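Engineer: Take the given structure of chain A and dock chain B to it, following the hints.
Number of protein chains: 2
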Amino acid sequence: MKASQFLISTLKEAPADAEVLSHQLMTRAGMIKKLGAGIYTYMPMGLRVIRKVEAIVREEMNRAGAIECVMPVIQPGELWRESGRFQTMGPELLRVKDRHQRDFVVQPTSEEAVTDIARQDLRSYKQLPKNLYQIQTKFRDERRPRFGLMRGREFIMKDAYSFDRDEAGAKQSYQKMAAAYRAIFDRFGLRYRAVAADSGAIGGDLSEEFQVIAATGEDAIVYSTGSDYAANMEKAESAAPQGPRRAPAQPLTKTPTPGKSTCADVAELLGIPLASTVKSLVLATEALNGAGEVAKVQVWLLLVRGDHDMNEIKVGKVPGLDAGFRFATVPEIMEHFGTKPGYLGPIGLKKPVKIVADREVAVMVDWVCGANEEDFHITGVNWGRDLPEPDAVADIRNVVAGDAAPDGQGQLAIERGIEIGHIFYLGTKYSRAMEATFLDEDGKPKPFEMGCYGIGITRLPAAAIEQNHDERGIIWPDAIAPFTVVICPVGMDRSEAVKTAAEGLYAELRQAGVDVILDDRGERPGAMFADWELIGVPHRVTIGDKGLKDGQVEYQHRRDTAATKVPASEIAALVKGRLAA
Amino acid sequence: MKASQFLISTLKEAPADAEVLSHQLMTRAGMIKKLGAGIYTYMPMGLRVIRKVEAIVREEMNRAGAIECVMPVIQPGELWRESGRFQTMGPELLRVKDRHQRDFVVQPTSEEAVTDIARQDLRSYKQLPKNLYQIQTKFRDERRPRFGLMRGREFIMKDAYSFDRDEAGAKQSYQKMAAAYRAIFDRFGLRYRAVAADSGAIGGDLSEEFQVIAATGEDAIVYSTGSDYAANMEKAESAAPQGPRRAPAQPLTKTPTPGKSTCADVAELLGIPLASTVKSLVLATEALNGAGEVAKVQVWLLLVRGDHDMNEIKVGKVPGLDAGFRFATVPEIMEHFGTKPGYLGPIGLKKPVKIVADREVAVMVDWVCGANEEDFHITGVNWGRDLPEPDAVADIRNVVAGDAAPDGQGQLAIERGIEIGHIFYLGTKYSRAMEATFLDEDGKPKPFEMGCYGIGITRLPAAAIEQNHDERGIIWPDAIAPFTVVICPVGMDRSEAVKTAAEGLYAELRQAGVDVILDDRGERPGAMFADWELIGVPHRVTIGDKGLKDGQVEYQHRRDTAATKVPASEIAALVKGRLAA
Numbered sequence: 001m002k003a004s005q006f007l008i009s010t011l012k013e014a015p016a017d018a019e020v021l022s023h024q025l026m027t028r029a030g031m032i033k034k035l036g037a038g039i040y041t042y043m044p045m046g047l048r049v050i051r052k053v054e055a056i057v058r059e060e061m062n063r064a065g066a067i068e069c070v071m072p073v074i075q076p077g078e079l080w081r082e083s084g085r086f087q088t089m090g091p092e093l094l095r096v097k098d099r100h101q102r103d104f105v106v107q108p109t110s111e112e113a114v115t116d117i118a119r120q121d122l123r124s125y126k127q128l129p130k131n132l133y134q135i136q137t138k139f140r141d142e143r144r145p146r147f148g149l150m151r152g153r154e155f156i157m158k159d160a161y162s163f164d165r166d167e168a169g170a171k172q173s174y175q176k177m178a179a180a181y182r183a184i185f186d187r188f189g190l191r192y193r194a195v196a197a198d199s200g201a202i203g204g205d206l207s208e209e210f211q212v213i214a215a216t217g218e219d220a221i222v223y224s225t226g227s228d229y230a231a232n233m234e235k236a237e238s239a240a241p242q243g244p245r246r247a248p249a250q251p252l253t254k255t256p257t258p259g260k261s262t263c264a265d266v267a268e269l270l271g272i273p274l275a276s277t278v279k280s281l282v283l284a285t286e287a288l289n290g291a292g293e294v295a296k297v298q299v300w301l302l303l304v305r306g307d308h309d310m311n312e313i314k315v316g317k318v319p320g321l322d323a324g325f326r327f328a329t330v331p332e333i334m335e336h337f338g339t340k341p342g343y344l345g346p347i348g349l350k351k352p353v354k355i356v357a358d359r360e361v362a363v364m365v366d367w368v369c370g371a372n373e374e375d376f377h378i379t380g381v382n383w384g385r386d387l388p389e390p391d392a393v394a395d396i397r398n399v400v401a402g403d404a405a406p407d408g409q410g411q412l413a414i415e416r417g418i419e420i421g422h423i424f425y426l427g428t429k430y431s432r433a434m435e436a437t438f439l440d441e442d443g444k445p446k447p448f449e450m451g452c453y454g455i456g457i458t459r460l461p462a463a464a465i466e467q468n469h470d471e472r473g474i475i476w477p478d479a480i481a482p483f484t485v486v487i488c489p490v491g492m493d494r495s496e497a498v499k500t501a502a503e504g505l506y507a508e509l510r511q512a513g514v515d516v517i518l519d520d521r522g523e524r525p526g527a528m529f530a531d532w533e534l535i536g537v538p539h540r541v542t543i544g545d546k547g548l549k550d551g552q553v554e555y556q557h558r559r560d561t562a563a564t565k566v567p568a569s570e571i572a573a574l575v576k577g578r579l580a581a
Numbered sequence: 001m002k003a004s005q006f007l008i009s010t011l012k013e014a015p016a017d018a019e020v021l022s023h024q025l026m027t028r029a030g031m032i033k034k035l036g037a038g039i040y041t042y043m044p045m046g047l048r049v050i051r052k053v054e055a056i057v058r059e060e061m062n063r064a065g066a067i068e069c070v071m072p073v074i075q076p077g078e079l080w081r082e083s084g085r086f087q088t089m090g091p092e093l094l095r096v097k098d099r100h101q102r103d104f105v106v107q108p109t110s111e112e113a114v115t116d117i118a119r120q121d122l123r124s125y126k127q128l129p130k131n132l133y134q135i136q137t138k139f140r141d142e143r144r145p146r147f148g149l150m151r152g153r154e155f156i157m158k159d160a161y162s163f164d165r166d167e168a169g170a171k172q173s174y175q176k177m178a179a180a181y182r183a184i185f186d187r188f189g190l191r192y193r194a195v196a197a198d199s200g201a202i203g204g205d206l207s208e209e210f211q212v213i214a215a216t217g218e219d220a221i222v223y224s225t226g227s228d229y230a231a232n233m234e235k236a237e238s239a240a241p242q243g244p245r246r247a248p249a250q251p252l253t254k255t256p257t258p259g260k261s262t263c264a265d266v267a268e269l270l271g272i273p274l275a276s277t278v279k280s281l282v283l284a285t286e287a288l289n290g291a292g293e294v295a296k297v298q299v300w301l302l303l304v305r306g307d308h309d310m311n312e313i314k315v316g317k318v319p320g321l322d323a324g325f326r327f328a329t330v331p332e333i334m335e336h337f338g339t340k341p342g343y344l345g346p347i348g349l350k351k352p353v354k355i356v357a358d359r360e361v362a363v364m365v366d367w368v369c370g371a372n373e374e375d376f377h378i379t380g381v382n383w384g385r386d387l388p389e390p391d392a393v394a395d396i397r398n399v400v401a402g403d404a405a406p407d408g409q410g411q412l413a414i415e416r417g418i419e420i421g422h423i424f425y426l427g428t429k430y431s432r433a434m435e436a437t438f439l440d441e442d443g444k445p446k447p448f449e450m451g452c453y454g455i456g457i458t459r460l461p462a463a464a465i466e467q468n469h470d471e472r473g474i475i476w477p478d479a480i481a482p483f484t485v486v487i488c489p490v491g492m493d494r495s496e497a498v499k500t501a502a503e504g505l506y507a508e509l510r511q512a513g514v515d516v517i518l519d520d521r522g523e524r525p526g527a528m529f530a531d532w533e534l535i536g537v538p539h540r541v542t543i544g545d546k547g548l549k550d551g552q553v554e555y556q557h558r559r560d561t562a563a564t565k566v567p568a569s570e571i572a573a574l575v576k577g578r579l580a581a
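Chains as they are written, first to last, in UniProt numbering: chain A, 1 to 581; chain B, 1 to 581.
Treat each hint with caution, since some may be false.
The list cannot tell twin chains apart, which means a pair is met if one copy fits it or any two copies do.
Unchecked claim - Straight-line distance between alpha carbons at most 20 Å, and here's what the computed SDA-like set of lysine to any residue pairs gives:
{"#": "1", "residue 1": "Lys176", "residue 2": "Gln5"}
{"#": "2", "residue 1": "Lys576", "residue 2": "Ala512"}
{"#": "3", "residue 1": "Lys351", "residue 2": "Ala295"}
{"#": "4", "residue 1": "Lys429", "residue 2": "Leu79"}
{"#": "5", "residue 1": "Lys97", "residue 2": "Pro108"}
{"#": "6", "residue 1": "Lys549", "residue 2": "Val566"}
{"#": "7", "residue 1": "Lys97", "residue 2": "Phe86"}
{"#": "8", "residue 1": "Lys12", "residue 2": "Arg123"}
{"#": "9", "residue 1": "Lys354", "residue 2": "Phe325"}
What the hints contain is simulated information worked out from the structure, not anything from laboratory work.
Bear in mind the structure is a predicted one, so any value in this text is a computation, not a measurement.
Same shape as in the complex, but just chain A (with noise of 0.2 Å):
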C-alpha cells in the first residue's frame, strides 16, 4: 500500500469526551470514528487491525474444528420469547417495532438463532458434536457507552457454540475451545492470562475468561505465584486457613470508641493490627408465601476480617443464601442489633441472626468487633467462650495478594486485565427452553448439551493498546498491526536515489509476503515520523539522501529508543528476520 492511495488522518488532540487512552489513541490515529454515543466507524486504519483479528481467530476456530455461518443482525422477537431473554433482559437489549408492529431484537448474541438451526438441522446423535460460530456485528444498548471500542454499543463478536450428545461431550468441546482460544491469544502476540470464571446458576467449573494484561483493565485477576492457578476476583478461592484455633488470651472487654465506626479507625485508636478486627454484614433473605407476598424475612450477619472484603458471588452460594438475597434495611438493623451500622457484632443480639463466618474470622481469636452499641467496640472476643460457634463457616471474601493459593503451590497475586473472551459450558438451559432435542442412540430425543464461547473482536485492538504504548502513540504486536512495515522515505520528491531506493525495497517486500506502507504522502519528517509513532507500525525504515550516499539506511522497531544504521543491501533480510523473529 502508498500511502497516498490509502486514508490517513491523524489528530493531534483527541476528543474531550475520550476517558481511556486507547480510546484516545484509535481516534487520534484515525483508526476509529464516532457517529454516536457508543457507535463508530472502523475507518481504514482501524479495520485492517480488526481484520487481522479475525481472520486469526477464524483460522484458529476452523482448525478446531468449529463451522462457520452467520446470523441476523435483526432477530424475531418471537424466537426471543422461546428463550425468555426477550421478557427477562434489561434495556441494553435493543428492541425494534417493523413495519407491521411485529418486535424484533439487534442481536447481543446469538444463542436462541443457533439452537434453532440445531433443532432443525441436528436430528441424529450421529451428527455431533457440532460447533457453529460466527463473526458478526453485535448491539448493546449500554446505558452509558464509553471507552471507545472497550464499551461500545455496536461492536463485533465472534461468538461460538457447541452441541453435544451428553456433559461428558459437552465438557470435550469445552476443553477443544479452551485449547483454540489459547492458540488464538498466544498468535495476537498479547501477555494475557486465562482465569477460571464463576458459571452461575450453571454451577460447575467451567467457565474462564481470557483476561489481557493491563493496567487500566477494569477486572482484577488473581493467579499463583507458584503454580498454574488464576481465576478472576469473583472466583478466586483463597485457600483454608491451617490449623486449629489458637487458645483465648484476652479477656472480654467493652472498649469506648467514639466516631470511630470502621474497623480502620477502630484499629488505628486501640493500636492494633486491621487483621485483630472482624467486620459485620447484614444481609437479609426472604420466604414467599403461596400468593408470592413476603411470608418471612430471615436476617443474616456476615462476619470478615477488617482487612478482608466480602465477595458477593461466594457469599450467593452459601447454604440458605444461594436463593438470591438482599442487604438488610436500617429498621431490620435495629430491629436485630439494637443499634446503627458501624457498631455492629455478633454479642448481645436483641433477635437471633443466623452468623456466617469467613474461614480466616473462625480461626481468629481476641478478636475485636462492635459492641452493638454506638460508640463502643468489644474487645478479646473468642469463639466458643463469648459466643456460639458460627452457624456457617465458609469462604466469603475477596483474595488478597499474598494469600496461600488454594492448590498449596505459592503465593497469590493481583494484576489488571481487559475481558476480551470468555468460555462457558451452558448444559441444556437453551435446548431445554427451546425444546430442542436429537435423537440418541436409543432412538430417545434427548435436549442438546451446549457451550458458548465469545471473542471481543473490536474490544481486543483496545485492549491491545491499553497493553501497548507509550507516551508518543500505539505500539502494535506484528500479528495485529495495521501495517507491519513502514518505510519512510526523506525528500523523496528531491531525490531520484531516495525515491528508488525506497521503491524497490516496497517492491522487494510486498514480494516476500511483507504487509508494508510506503509514505510517499511527501510529508516532512517530524510529521511523518510522528505519524507512523502514533499509528503504531512496528517497523519503520528510513531512507534519506545523506544516509544513501554512505550506502545506509536507517532501522527503528516502535519500541527502540533510536535508529540504527543498516547497509541498504542488507535492509529488506533485516526487516525480514526481523518478523520471522
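Structural biologist: Same frame as chain A, now just chain B:
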C-alpha cells in the same frame, strides 16, 4: 474440508413460501435458513459462496484504488435528518429508538455516514480523489419480503462512495468504477450486461446497472445486436423514425366500433395492423399558488402507437411534464374529451389540451384513433390536414424488440435480467445538504462531487442460481462455488483401496490449493450424488472399488450428462487442468 466435519443439511422439499427457484434451491441445499420474514441465516454452505463473492469484490475494489472501511449498522437519526432522508424515506427505512428514546435507523445505505467522514477527514483538494467502500449488513423493511436472498430485508451490500474536486474528476471516478465492475462481474463467471440506467434528478448519462441475465429476471433489459449499446427498459432510447411523413391517402371517416375500446380490438374489427392505431393517454399537471394550493390544472394528451407502451420515465422528461405529473381523473377526461376512456382521440375536443406525440406517431399517416364519442373511432387521420401538428414530439415509449438501435448499429433485442450492481453519479446532492466541503486550490470551500456504487453481495448467489441450474439443482461457476471439487468415494468404509485413493486425491488437490471436499459421511451413492448435484459443486470425482480394480475413477462436471472414466493416475492432473481452464 471433510463432509463429516461440515454441516450438510439438504432437504427433499422446498418450503411452501419459496416462490422462486433460487430461494427453493438455496433452502433445499442448506445454504440459507429463514429466521424471520426476509431474514436469513447464511448457513455454512451458503456462507462459503458469499465469502467468495466478497473476496472477488474486495480484490477488484482495492485494485481500483478504493479504500475499505466499515460504517455502523445502527446510525443516528440526527445524521439522517441532515440529508432529509429520515423525513422523506418511507417505512422501508427501519427506525429504532434507543433506551434514551433517541432516534436511530438501521442502515439501508450509508451516504450520510460516509459524507460525515468526508467533511471531517477530507479537508484539502490534495486528498482527493478518494473512494471509500464497505461490505456490510444492510436492512430494508420491504412490505412483502420474498424470493429468499433476492429481495430480503437483511442483506449484505458492497457500497462505495467517491469524492472528487469537480464534475470531471467525479466522472473519471465513475468510469474507474465502471471498469472495476466489469472486472468483478467477468470474474464471477456469469453472463451479464452493463446497461445504461436513468439517473433521475441528477441528469446526465452517468448511471449503469449490472444485470445478470436470467429468464426469471424481473427487469427487462435492452441491447443492440449490432453494437455495444445496452440500457434498461426505462432508459432505452428508440431510434428516431427515418424520413419524412408520406402523403395522406385516406379520407377522414368516423367508424362505429361498438364495445371495442382497445387498439387491439379496433385493429381486429377493422382488419388493419395494430401499428396503424394510436393510443390516447391523458395526464394532468398542477400549478400551485403561493399557499401551496392547486391554482390551475393542465390536461395533456399523450399519443403512442397502438402496439407500443408508454414509458413514464421518458414522459417525465418532456418539458412541462418534468416537474411531476399524474394520470387525469375521469371527471377531467369527461370535461375535456366529452367521453370516457376507450374512445379518446385528439380530434373534436371539448376543451383544449396539450398534445404530445411519440416520435413514431408524429410520422404516421392515415391512422386510427378514438372519435371522442362512445363506440366510435376515426380512420384516415392525418397530421396537418385533420388536426394541427402536436404541441410536442418526443420519445415517450418503451422500445420493442426489432426496433432500430439508437446508435444506428443493428436492431434492439430484449432479455430479462436481475440487477446485482448499480453505479451512479450523485453530484453534490449529499455534500450540499450536509455542508460537506473541502478547501480547493483557490482556498475556497467547495462541496464534494460524489458518486455511489453498489453490489448486492448476498443477492448475487441467488442471481447466479437463477441463471445456472437444472432439474437436479444448482450449477455454480467455479469462482463462487461453495466447494470447487467434491470427491465421492463409494464404499469408503468397506474398501481400504477406495479410502486410500480418496484420501490421496484429497490431499493432493488440497496441496495444490484446490477448494475440495471429501464426502466421508458414508452415505449411499444415490443420496450422496443427489446432495452434491443439489448443492451444485461443479466438479465431481467418484471413486469406487470396481473401477479402482481397473485403475479407473470417474470424473463428471455438473453440466455433463454422464461420468467419464479416467485413469486414477491422471485424475488429479485432469481436475487441475479443468480448474485452470
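Engineer: Each hint needs a verdict: does it hold in this structure or not?
Structural biologist: So, going through the hints one by one against the coordinates:
no.: 1; hint: Lys176 to Gln5; result: between (43 Å within a copy, 15 Å between copies)
no.: 2; hint: Lys576 to Ala512; result: within (8 Å within a copy, 26 Å between copies)
no.: 3; hint: Lys351 to Ala295; result: within (18 Å within a copy, 88 Å between copies)
no.: 4; hint: Lys429 to Leu79; result: within (15 Å within a copy, 41 Å between copies)
no.: 5; hint: Lys97 to Pro108; result: both (17 Å within a copy, 16 Å between copies)
no.: 6; hint: Lys549 to Val566; result: within (13 Å within a copy, 64 Å between copies)
no.: 7; hint: Lys97 to Phe86; result: both (13 Å within a copy, 17 Å between copies)
no.: 8; hint: Lys12 to Arg123; result: between (58 Å within a copy, 15 Å between copies)
no.: 9; hint: Lys354 to Phe325; result: within (13 Å within a copy, 83 Å between copies)
Hint check: no violations occur; every hint is consistent with the structure.
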